[in-house]
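Heads up: the protein sequence lines correspond to chains R and W, in order.
Counting from 1, one number per residue, gives the positions in the first sequence under the working numbering.
Counting from 1, one number per residue, gives the positions in the second sequence under the working numbering.
Certain hints may be false.
Unchecked claim - Under 7 angstroms between C-beta atoms, here's a sample of chain R residues computed to sit facing chain W:
#, residue
1, Ser-74
2, Gly-77
3, Thr-105
4, Arg-108
5, Asn-136
6, Ile-142
7, Gly-143
8, Val-144
9, Phe-145
Unchecked claim - In the DSSO-like style, the derived pairs of lysine-lysine whose C-alpha atoms are separated by at most 27 angstroms in a straight line are:
#, chain 1, residue 1, chain 2, residue 2
10, W, Lys-4, R, Lys-75
11, R, Lys-26, W, Lys-307
12, W, Lys-139, R, Lys-26
13, R, Lys-223, W, Lys-26
14, W, Lys-4, W, Lys-26
15, R, Lys-139, W, Lys-223
16, W, Lys-163, W, Lys-42
17, W, Lys-75, W, Lys-26
18, W, Lys-163, R, Lys-307
19, W, Lys-307, R, Lys-223
20, W, Lys-223, R, Lys-75
21, W, Lys-75, R, Lys-223
22, R, Lys-139, W, Lys-26
23, W, Lys-26, R, Lys-329
24, R, Lys-26, R, Lys-139
25, W, Lys-223, R, Lys-26
26, W, Lys-247, R, Lys-75
27, R, Lys-329, R, Lys-223
28, R, Lys-4, W, Lys-223
29, R, Lys-75, W, Lys-180
Keep in mind the hints are simulated off the structure, nothing from the lab.
Note that the Cβ used here is the ideal one computed from N, Cα and C, for glycine as well.
There are 2 protein chains.
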Amino acid sequence: MAQKIIFTNDINNSLNQVLEDIDFNKLFVLTDVNTSHYVAPKLAEVFYNHNATHITIPAGDTNKNIDSLTQVWSKLGNNGATRRSLLINLGGGMVTDLGGFAASTFKRGIRFVNIPTTLLSAVDAAVGGKTGINFNGLKNEIGVFNEADAVIISTTPLYTLPKEEIKSGFAEMLKHGLLKGKDTFNKLLAFDFDNFNPDHLLDLLEESVNVKREIVAIDPHEKGLRRALNLGHTVGHAFESLAMSRKSPIPHGYAVAWGMVVELVLSHLILKFDSDVLHRYAQFICDNYGVFYITCNDYPALISLMKHDKKSNCGEMNFSLLSDVGDIKINCEASEEIVEAALDIYRDLMHI
Amino acid sequence: MAQKIIFTNDINNSLNQVLEDIDFNKLFVLTDVNTSHYVAPKLAEVFYNHNATHITIPAGDTNKNIDSLTQVWSKLGNNGATRRSLLINLGGGMVTDLGGFAASTFKRGIRFVNIPTTLLSAVDAAVGGKTGINFNGLKNEIGVFNEADAVIISTTPLYTLPKEEIKSGFAEMLKHGLLKGKDTFNKLLAFDFDNFNPDHLLDLLEESVNVKREIVAIDPHEKGLRRALNLGHTVGHAFESLAMSRKSPIPHGYAVAWGMVVELVLSHLILKFDSDVLHRYAQFICDNYGVFYITCNDYPALISLMKHDKKSNCGEMNFSLLSDVGDIKINCEASEEIVEAALDIYRDLMHI
Numbered sequence: 001m002a003q004k005i006i007f008t009n010d011i012n013n014s015l016n017q018v019l020e021d022i023d024f025n026k027l028f029v030l031t032d033v034n035t036s037h038y039v040a041p042k043l044a045e046v047f048y049n050h051n052a053t054h055i056t057i058p059a060g061d062t063n064k065n066i067d068s069l070t071q072v073w074s075k076l077g078n079n080g081a082t083r084r085s086l087l088i089n090l091g092g093g094m095v096t097d098l099g100g101f102a103a104s105t106f107k108r109g110i111r112f113v114n115i116p117t118t119l120l121s122a123v124d125a126a127v128g129g130k131t132g133i134n135f136n137g138l139k140n141e142i143g144v145f146n147e148a149d150a151v152i153i154s155t156t157p158l159y160t161l162p163k164e165e166i167k168s169g170f171a172e173m174l175k176h177g178l179l180k181g182k183d184t185f186n187k188l189l190a191f192d193f194d195n196f197n198p199d200h201l202l203d204l205l206e207e208s209v210n211v212k213r214e215i216v217a218i219d220p221h222e223k224g225l226r227r228a229l230n231l232g233h234t235v236g237h238a239f240e241s242l243a244m245s246r247k248s249p250i251p252h253g254y255a256v257a258w259g260m261v262v263e264l265v266l267s268h269l270i271l272k273f274d275s276d277v278l279h280r281y282a283q284f285i286c287d288n289y290g291v292f293y294i295t296c297n298d299y300p301a302l303i304s305l306m307k308h309d310k311k312s313n314c315g316e317m318n319f320s321l322l323s324d325v326g327d328i329k330i331n332c333e334a335s336e337e338i339v340e341a342a343l344d345i346y347r348d349l350m351h352i
Numbered sequence: 001m002a003q004k005i006i007f008t009n010d011i012n013n014s015l016n017q018v019l020e021d022i023d024f025n026k027l028f029v030l031t032d033v034n035t036s037h038y039v040a041p042k043l044a045e046v047f048y049n050h051n052a053t054h055i056t057i058p059a060g061d062t063n064k065n066i067d068s069l070t071q072v073w074s075k076l077g078n079n080g081a082t083r084r085s086l087l088i089n090l091g092g093g094m095v096t097d098l099g100g101f102a103a104s105t106f107k108r109g110i111r112f113v114n115i116p117t118t119l120l121s122a123v124d125a126a127v128g129g130k131t132g133i134n135f136n137g138l139k140n141e142i143g144v145f146n147e148a149d150a151v152i153i154s155t156t157p158l159y160t161l162p163k164e165e166i167k168s169g170f171a172e173m174l175k176h177g178l179l180k181g182k183d184t185f186n187k188l189l190a191f192d193f194d195n196f197n198p199d200h201l202l203d204l205l206e207e208s209v210n211v212k213r214e215i216v217a218i219d220p221h222e223k224g225l226r227r228a229l230n231l232g233h234t235v236g237h238a239f240e241s242l243a244m245s246r247k248s249p250i251p252h253g254y255a256v257a258w259g260m261v262v263e264l265v266l267s268h269l270i271l272k273f274d275s276d277v278l279h280r281y282a283q284f285i286c287d288n289y290g291v292f293y294i295t296c297n298d299y300p301a302l303i304s305l306m307k308h309d310k311k312s313n314c315g316e317m318n319f320s321l322l323s324d325v326g327d328i329k330i331n332c333e334a335s336e337e338i339v340e341a342a343l344d345i346y347r348d349l350m351h352i
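The shape of chain R in the complex, shown without the other chains (with noise of 0.2 angstroms):
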């Protein structure tokens, strides 16, 4: 079945469409401390008149683990969900990931629905049917492949995010669109994040989260295409796991920002990518994302990281990598040498 992803404006009239086309015999709603506080409210009419059970855990990728998900578990069946019950998932990446991984593990699988509340898990983790929790110090070591039975996207709790939530999403759509083509990849380096107009955010979201949709039509257990929406994210996920060893954790879009800066520069070194493409894009982050600083004394731990990637094989560093914007090569190996060169050029161009 293909995944119903609903771009609207109007997320309650959306969200009782959704449940009235959904047979099922009792609802429940996952949120986090946060949206159960921000979001739900706004939510609280079309939940009441369903009757909804409400199951709250807390917020954060720290939480993203097996304590949650064992709670989520337990209040499904203490609170008489059956095989034929839906769930919510009302929240970020962290609360669609877990809760779509605790939805299909469920008595083998009950349906649910995405309601993401964040740009990050609007473009990225609420589409494409990854779903589970971070696991012995790796992220996302445990889950499933399973799609949602319907995603609503909305601007509505758009409205309230920080900015650094709108960017930390941005930088997925800078992804799709460096997958995509120049024409979409210019638009996004044209955004002004000091004034814009949400109604235009849904439109670039739209055609962002399209480029998803078609990748993962194609290679939905990531065998291979899927492979691409990798892009930034094997250096982005060492950039993580080290923020995270240093007690200062960064939000998982600026990691793929800076991590696409890396990944790039391999782009250049391994495939020729346009060193000019390169240059705008790493001005762009460091505009408007900073830097993420690193000595050569973090290389071994990164490289080290970077070997235990899920995407990785006995040890060899795994990229997906552009030989141009809008041409993926999956599945490109590099050696310790020239991740290390690469990560010596990052630190110039971010000015580190």
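Keeping the supplied structure of chain R fixed, place chain W upon it in accordance with the hints.
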């Protein structure tokens, strides 16, 4: 992909063949403390040649839990498993269910092969893609549908099985016989546990597994027809849970054997199932399995357990019943009164 099921008297050769056909980069073998000791040594050479990493968990259904699961996930991760690694589940249903779930969720899914070591798991758990663990006091509350790449069914491990284990597995074969038709069913009722040839058992086993296979192929996710395989299980699971709460657990197959007596009574009361066949079946169970003692004081607990069964909706009790041998009706609801009447008749038939 259709699940490959191999019936063999040469388990080493078959395993070698399977490992040749699958492209993997690292082999893991999951056993419990029993199969690690009694069965793994028979395959030691194959495992050694593939440099397999062994993971051993505690035995028994009470250990089919989240602790054992996280132990398997950690061992996989800490020993370098990647998405291209392969897990062999060597054990009874507890090992194949839990190992199948661990493999299905580790890095969003790695491949696995089941080698059932009990008759019960050969005829039931190892085939058909149900994986999972017990949670929150409920059997198989958490899991996914996902088929093993291959299942190797051999009588080799069966030679060492205690008679109780043979009987436990045989109950599922009786179920398949009831679903298939009178010929198969009568062949099974003529079986002599005190005097049988394991090779003859392999033939019966293949016939039995094929009944399940045909049903699962039509309805892998238990939307309809597959519920036929729940014959005996709504009551059987309730008996198992009751026995567990009495701190004297009963084997799953025995619970199903007794559960089928109750459900054949229900079939007789609701669908006019032949009373002669019911009596012959009840006599066979009484003679070979003994009885599971209940009094009318147990009825409320049993009924509450049946209402919480995964197959049930909103507190209705749901059964798969027979109008005749070979003629199943799924989604039969029954009132508390008729279930109590059936439990009364069960006690009569069992001479309790």
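Here is how each hint holds up against the structure:
{"no.": "1", "hint": "Ser-74", "verdict": "6 angstroms, holds"}
{"no.": "2", "hint": "Gly-77", "verdict": "5 angstroms, holds"}
{"no.": "3", "hint": "Thr-105", "verdict": "5 angstroms, holds"}
{"no.": "4", "hint": "Arg-108", "verdict": "5 angstroms, holds"}
{"no.": "5", "hint": "Asn-136", "verdict": "5 angstroms, holds"}
{"no.": "6", "hint": "Ile-142", "verdict": "5 angstroms, holds"}
{"no.": "7", "hint": "Gly-143", "verdict": "5 angstroms, holds"}
{"no.": "8", "hint": "Val-144", "verdict": "6 angstroms, holds"}
{"no.": "9", "hint": "Phe-145", "verdict": "6 angstroms, holds"}
{"no.": "10", "hint": "W:Lys-4 <-> R:Lys-75", "verdict": "38 angstroms, violated"}
{"no.": "11", "hint": "R:Lys-26 <-> W:Lys-307", "verdict": "16 angstroms, holds"}
{"no.": "12", "hint": "W:Lys-139 <-> R:Lys-26", "verdict": "22 angstroms, holds"}
{"no.": "13", "hint": "R:Lys-223 <-> W:Lys-26", "verdict": "18 angstroms, holds"}
{"no.": "14", "hint": "W:Lys-4 <-> W:Lys-26", "verdict": "21 angstroms, holds"}
{"no.": "15", "hint": "R:Lys-139 <-> W:Lys-223", "verdict": "33 angstroms, violated"}
{"no.": "16", "hint": "W:Lys-163 <-> W:Lys-42", "verdict": "21 angstroms, holds"}
{"no.": "17", "hint": "W:Lys-75 <-> W:Lys-26", "verdict": "13 angstroms, holds"}
{"no.": "18", "hint": "W:Lys-163 <-> R:Lys-307", "verdict": "50 angstroms, violated"}
{"no.": "19", "hint": "W:Lys-307 <-> R:Lys-223", "verdict": "41 angstroms, violated"}
{"no.": "20", "hint": "W:Lys-223 <-> R:Lys-75", "verdict": "24 angstroms, holds"}
{"no.": "21", "hint": "W:Lys-75 <-> R:Lys-223", "verdict": "24 angstroms, holds"}
{"no.": "22", "hint": "R:Lys-139 <-> W:Lys-26", "verdict": "22 angstroms, holds"}
{"no.": "23", "hint": "W:Lys-26 <-> R:Lys-329", "verdict": "26 angstroms, holds"}
{"no.": "24", "hint": "R:Lys-26 <-> R:Lys-139", "verdict": "31 angstroms, violated"}
{"no.": "25", "hint": "W:Lys-223 <-> R:Lys-26", "verdict": "18 angstroms, holds"}
{"no.": "26", "hint": "W:Lys-247 <-> R:Lys-75", "verdict": "26 angstroms, holds"}
{"no.": "27", "hint": "R:Lys-329 <-> R:Lys-223", "verdict": "14 angstroms, holds"}
{"no.": "28", "hint": "R:Lys-4 <-> W:Lys-223", "verdict": "21 angstroms, holds"}
{"no.": "29", "hint": "R:Lys-75 <-> W:Lys-180", "verdict": "40 angstroms, violated"}
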